[in-house]
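Could you build the full structure based on these sequences and the hints that come with them?
Number of protein chains: 2
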Amino acid sequence: MSSVPEPSNELLKTAQDVRKASVSLSQTSDSQRQSALLSMADALGARSKEIVNANNEDLERSNNEGLGKALLERLKLDQNKLENSIDGVKKVALLADPLGIRQIKRELDKSLLLERITVPLGVIGVIFEARPDALIQIASLAVRSGNGAILKGGAEASCTNLEIMKALQEGLASSDVPSSALSLLTTRQESLALLKLEGLVDLIIPRGSNELVRFIQDNTRIPVLGHADGICHLYIDSDADLEQSLRVAIDSKTQYPAACNSIETLLIHADIASSFLSIAIPAFQELGVTLRGDPESKSLGIMESANEEDWSTEYLDLILSVKIVRNLSEALEHIRLYGSRHTEAICTTNQSVASTFLRSVDSSGVFHNCSTRFADGFRYGLGAEVGISTQTLPPRGPVGLEGLVTYRYMLVGDGHLASDFGTGKKSFIHKDLPL
Amino acid sequence: MSSVPEPSNELLKTAQDVRKASVSLSQTSDSQRQSALLSMADALGARSKEIVNANNEDLERSNNEGLGKALLERLKLDQNKLENSIDGVKKVALLADPLGIRQIKRELDKSLLLERITVPLGVIGVIFEARPDALIQIASLAVRSGNGAILKGGAEASCTNLEIMKALQEGLASSDVPSSALSLLTTRQESLALLKLEGLVDLIIPRGSNELVRFIQDNTRIPVLGHADGICHLYIDSDADLEQSLRVAIDSKTQYPAACNSIETLLIHADIASSFLSIAIPAFQELGVTLRGDPESKSLGIMESANEEDWSTEYLDLILSVKIVRNLSEALEHIRLYGSRHTEAICTTNQSVASTFLRSVDSSGVFHNCSTRFADGFRYGLGAEVGISTQTLPPRGPVGLEGLVTYRYMLVGDGHLASDFGTGKKSFIHKDLPL
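One line per chain: the protein sequences are A and B, in this order. Going by the working numbering, the first residue of the first sequence is number 111, and it counts up by one from there. Going by the working numbering, the first residue of the second sequence is number 111, and it counts up by one from there.
The hints are simulated quantities; they were obtained by calculation from the structure and are not laboratory data. Hints should not be assumed to be uniformly reliable.
Since the list gives no way to pick out one identical chain from another, each pair is judged satisfied if it fits inside one copy or across any two copies.
Straight-line Cα separation of at most 30 Å, DSSO-like style, residue types lysine-lysine; simulated pairs [as the list claims (entries may be wrong)]:
(1) 186 with 536
(2) 186 with 201
(3) 276 with 200
(4) 191 with 408
(5) 201 with 220
(6) 541 with 201
Written out as structure tokens, the structure reads:
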């Protein structure tokens, strides 16, 4: 990709407007933000014909330009998909308010009270690829959490995105939230320059390929909520229910192979490798999964070889690498060396082995006797997913609304001076009060 | 500064060793980590003569090399300062364990239980300038929170740091924490290459100048906990106790002008500007503070002019810019344009104005009738300060041990498959259980 240009004056103006609107938005009440979302949903409904027409235009143009079938499918926003998206907005309206939660209430001194309260981040920048429904989802999450948003969609969806943004801003216009809290960028230059808006944009959320996420991480000082690789492992212990383990392995690999929480490598304890593979090889074959094994698993019937590179490869496809290990330690060592700290699972009936695995693996998700595919915001019960973060720092793993929220310290005194505490004239009480 | 080199094999080996040790460390109990800290404190005590001697060597060499007086003062670690540092280690041992705290306990389905538990980050990388006592402090915070640490001090303190690290590792050797959990880098090349150890190092903490922090932020994809500018404001409202406001202004500016939480700009409501400045100008003059005013405040007696650049300048010195504003909105607008979202304060007796200010300013600290100098981890009662973050995302502002901690999702099932929920055969319960 090309290098990152400086922001134009026009982009700076847009960002300043969004930031200014975000200050008003941050002061709205829970019910004002809920109403704003319902108003956005209504406006999308009222404009649904225009949106679907615009999407047809995008589809036709992209088809003529030779866009692949899978991407065309992602680009498509028919009446049915749009209605689902509108329902999604209404659901986000019903999520618990993430703002105004008191995390600390502490008396520092007589009449000097410290409180820590959750507040919006400010302005988020979102760069997403073909799917136009992502625009609807992320805009509603932003407004719900009191954040302004600058959004840039893929060129393929440009007509659809314009119509959607019109509707969203119409919705806001009849609410207490300023419609300038949301802004759509339309050129590629702008979306690149967005990465340089440090101080105006507080978080960048890339929704797209790993390549997009990496490029953004490499080209901005603004924090990025995104995920890079998902090299997930399933370890089948010697004490495992082999039938159940096979079902878990199949679900973890095949339920949606393109997802980051699907497994790429199966680690099998040597003691049960022969009996497990005798049922696993035909089962995977039937499902069209290619197995690539280390020498030992090849001697037990796997046809293709896994080489060193396989252990670090996210196939995102019906391919699974297989390795036989002597014991739990060897499995843990393999995960430590090749894992991406996304999600790892163990199948075992031995509680002590399970507990060591759960304690030792430092991935954001560590599972016992269940599919890695549960690593997902909706499945975890977070309500809505802002994205998945493969960073170690919080918010980590699947991130709900809490990823769009930060906190602020408020300190109220009566003329209190730090020097009085420095000289020993006064000393701190530091008494926590009930929240 | 020079560009960032690729890590040497030796550095990679060091980082892998620390990371491996951090996995054992992450599994130690609260009391094991407390004992390790006490053991580190004992070892520092036993080696105190060698440490102070090494420091004298560093001081002598640096003095000969022409190091400035202020930096020599920071470099100095005499018996007294060392004993204070050792006391600090013992205090960190007494801080509440930040690990193993359950944040979520949720039944996703019958026999499918999700828990979210606080865990260490893994490995932190710390780059600090002249002060060798920072090594002691940060190593103890790292071990307390279950993290490995790779540390790089300034070249000036090289002998001192080597002796300190010997003591710390001796202390760990007689504890249950592997001594390889702490490692000291000794060359500049290594400290630069540290910035490239993504996947091995989870957080970089720079302790030094703004320039150091910026350089690091620009040259790593690893998250950085640090602070850039602190452009803090104090606004004196028309309804203010002027005597008290002056005391707060003086404390906020002069108690420690080199600190990031000192004010750089005073905003004064036009209605009280004349009477406030008539007492403030002589008071600041007496304290050696140079005032730089906008045209209106100059007409009220300030001698020097503030130009556009002044509003964005962190003086870190006894200089204060002054601006007269018409009203609260103008003050808020000035803060929005020029502030660094660190800490801002208002002096007013008007509750409604105070409340608008507290709600509208999106800095990490927003204060009413007290000095901005309270924006500090110890003063907030966080126990110990890992650093101050000027990022918007949590951890924000002064950061205690929670900055070294993340969380992990643990999911325990009984052969649960995601496909059963995808096909509608099962549906999620999502029932929160008592923590």
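* Violating hint indices (sorted, rising) -> 4
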